[in-house]
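Trainee: Next come the chains, spelled out residue by residue.
Protein chains: 4
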Amino acid sequence: MPSLDMLLEEIVTANRILAHEGVVDSFGHVSARHPDNPKRFLLSRARAPERIEKDDIMEFTLEGDPVDARGRAPYLERFIHGGLYEARPDVHSVVHNHSPSVIPFGITERKLKPLLHMCANIGHEVPTWDSHDKFGDTALLVESVDMGRDLALAIGSGPSILMRGHGATVAASNARHAVFISIYLEVNAKLQMQAMALGDIKFLTPGEADKVISRTGPYTLNRAWENWCRRAGRPYQAELA
Amino acid sequence: MPSLDMLLEEIVTANRILAHEGVVDSFGHVSARHPDNPKRFLLSRARAPERIEKDDIMEFTLEGDPVDARGRAPYLERFIHGGLYEARPDVHSVVHNHSPSVIPFGITERKLKPLLHMCANIGHEVPTWDSHDKFGDTALLVESVDMGRDLALAIGSGPSILMRGHGATVAASNARHAVFISIYLEVNAKLQMQAMALGDIKFLTPGEADKVISRTGPYTLNRAWENWCRRAGRPYQAELA
Amino acid sequence: MPSLDMLLEEIVTANRILAHEGVVDSFGHVSARHPDNPKRFLLSRARAPERIEKDDIMEFTLEGDPVDARGRAPYLERFIHGGLYEARPDVHSVVHNHSPSVIPFGITERKLKPLLHMCANIGHEVPTWDSHDKFGDTALLVESVDMGRDLALAIGSGPSILMRGHGATVAASNARHAVFISIYLEVNAKLQMQAMALGDIKFLTPGEADKVISRTGPYTLNRAWENWCRRAGRPYQAELA
Amino acid sequence: MPSLDMLLEEIVTANRILAHEGVVDSFGHVSARHPDNPKRFLLSRARAPERIEKDDIMEFTLEGDPVDARGRAPYLERFIHGGLYEARPDVHSVVHNHSPSVIPFGITERKLKPLLHMCANIGHEVPTWDSHDKFGDTALLVESVDMGRDLALAIGSGPSILMRGHGATVAASNARHAVFISIYLEVNAKLQMQAMALGDIKFLTPGEADKVISRTGPYTLNRAWENWCRRAGRPYQAELA
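Chains A, B, C and D, in that order, are what the protein sequence lines are.
Under the numbering used here, the first residue of the first sequence is numbered 1, with each subsequent residue one higher.
Under the numbering used here, the first residue of the second sequence is numbered 242, with each subsequent residue one higher.
Under the numbering used here, the first residue of the third sequence is numbered 483, with each subsequent residue one higher.
Under the numbering used here, the first residue of the fourth sequence is numbered 724, with each subsequent residue one higher.
In isolation and in its complexed conformation, chain A is listed as follows:
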């Protein structure tokens, strides 16, 4: 388990990377489960990911209540994170974004599926959650515990989900993996739109996807993480002590 202090730095870095790599714009967020208390999670105050600093990171209960707000306004959609940490003990980091290339898949019938080995970790097929099904006309924001739980139900045990007219959410066992999946979810979506225009696609076989997933560990994640840190102007720490 990383120390709280190192994890706070990791969350800042994750936000900056997602912004620098074009997966979030002024909106979107990334959280981590508290390293010392699995009933709490860490998430920035309402601020653009590219601007976030360590003091912006707040602590929340799984119901989305700030533990010590100190005047900081939280994201409305913190319930995405709480819902997933509540439902999924295996999840220690969550990314929510409006990653541009995934949007078209959330609003049409076409299914997003891995077509490149780097993208196998998005899951065999990415499901779509439509808030309208259960909640009707809303501002499409996940702004209550109920909505967060419904989204968590829809993602099931998978790593990623699309949200109709809204974006995507990724859940993983640590922040580096969550960021990695988020970036390659965007890559896969862009490539799939292009490949669909060329003809029938030979996607990864389920066996291939599973082989790649079983192989994805620090050897792979840290190579990307070091590079993304430097590109985003953040220090790289090889190991989370």
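Treat the hints as calculated values from the structure; they're not laboratory data.
Rough simulated footprint, nothing fancy, chain C against chain B, three-plus residues with beta-carbon under 8 Å:
1) 279 to 293
2) 340 to 351
3) 372 to 379
4) 432 to 443
Note that beta-carbon positions come from the ideal geometry of N, C-alpha and C, so glycine has one too.
Got chain A sorted already, so can you dock chains B, C and D onto it with the hints?
Mentor: Chains B, C and D only, in chain A's frame:
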């Protein structure tokens, strides 16, 4: 009401942001209604948005006459702004641009409609104004009070309009909102072109769009504005005093 | 007429702008007719446009012979420039590029036509020259006086031409106009590819295009030029003395 | 033959260029045959191309065994390089990448063929290797001598090959040529996707492609190399002594 001085800085910032985010190139402009005189508006001299400084901002009557030109050459299309301020007391800021992804919608039959919650503020469906309908063969520029009034008539009470073979115009109650709509109009157009290639699109329902619009205030606008300011190398002022 | 010294700086700037705006990559070039001798033109030695400095600019006869090479290797395709200056007394600057979005139009039957007022200066319809028609299997380079003359014949009195499997060439009365046309030729091509996927396009009418062309002068060109200079890190001189 | 020291710098530069030009992201690699021992090749330790420094370059046997690892972890896919150096005495540099625009061609039936003179060096038609044909469900990585040899068999005497669901590999007589082909393979793929949407494509004739290939030497390669070096922040050395 912001002070004149702060509003001048706001206009400079708005220009720089639109340039940095790729919504304007060397052309396009953004204005604000004068804070002390609703019959006047503020707009830069004829200069690329990325280069504009405070001394470039001129004052105009609603008919587009410069109040104190001091040798500065105005934009030919200042009548876009005058026309809208004259027709719409609710409007305090106007953006005109040639935002790349919106052009294809202005020259084909396809209608631009919101498909992402961030884009609901573009309106339920963006109308198109074709200068040729009333004015015939022109250089497509809005270069007279008549043309500005005709454009204002076409936009009606809406927030945005496309101009055939030319670009788009956005009208809002303040500069931050006008910039926000302009940026997400580009986002929506790009996404809609991509999604149309995948199949039938599930757009936002009218009820969803209205919910999002009713929610869009400083909490949302300032998060983006802070980020865009920093990206464009401009200071961020939380409140317009 | 600008002085030779100022024109040399202008050519350097034109090269840097075209590279910065993505119209040329490591290849492509821009020339100007000699201000004191209409039988000569000025063109860099064989070097990437982004790297060119004043001492790289060489003087050539219209047949492409270097006047004082001083060990500098010329571009193989200097005959593009010589051919145009020979055939067209009205032409004082020529750009040759492999601008990405124009390539698809040079290798298919679709015609590139202006759809945006900013792009009217590309001409009513851009013709395509196929070196294979007259010269058979070549390396597609314009590497002789004969080929340069054939290309000049194909462009006729127009401002731009596509070259099959190769790129485009633009001819104008000065470097600012040639750069302007080159940049908006790329813009038009990209937009036309996108708009074609949406349905039938309402292009500019011939009358509209002519109105825009007749209006394009220093008021328009210099606004863009100032901006492009600054973006490319080059000083801006308002007037060519 | 370049000295070992200069070649190590050349490999660093090649990695940085490929990253800067968007042909590799955090993954992908470039190697060179050892200048003094044709049975050895030089390749970085497992690190993102944008980060590689001289001390990262390791020496390998053609079977992929590190000669003096000194604790440095090698790329899993070093067998791509060993396989090609073993099979092809003419090859002195190999690039492996996940270049974005080539992926769609590796997973559909559409063939990648040169349509622009700059791209003739990719070969008359780029073949595709599918690891599944012989090795079944794998993580798609070339992680054994057997797989490397199978890939080398598939590329035959050609300069480039696509790898289904994975990326591409380029083989050339020196690093500058391998980088050049890799960059223009990406360019060709992107242009071909766009042109296919416009209609039937007039590709280069075989005779044209051969003419271009026979012409591609230092005059062409170094013009691009100088530019790419400066863009990537690396010194340019005109000749490899």
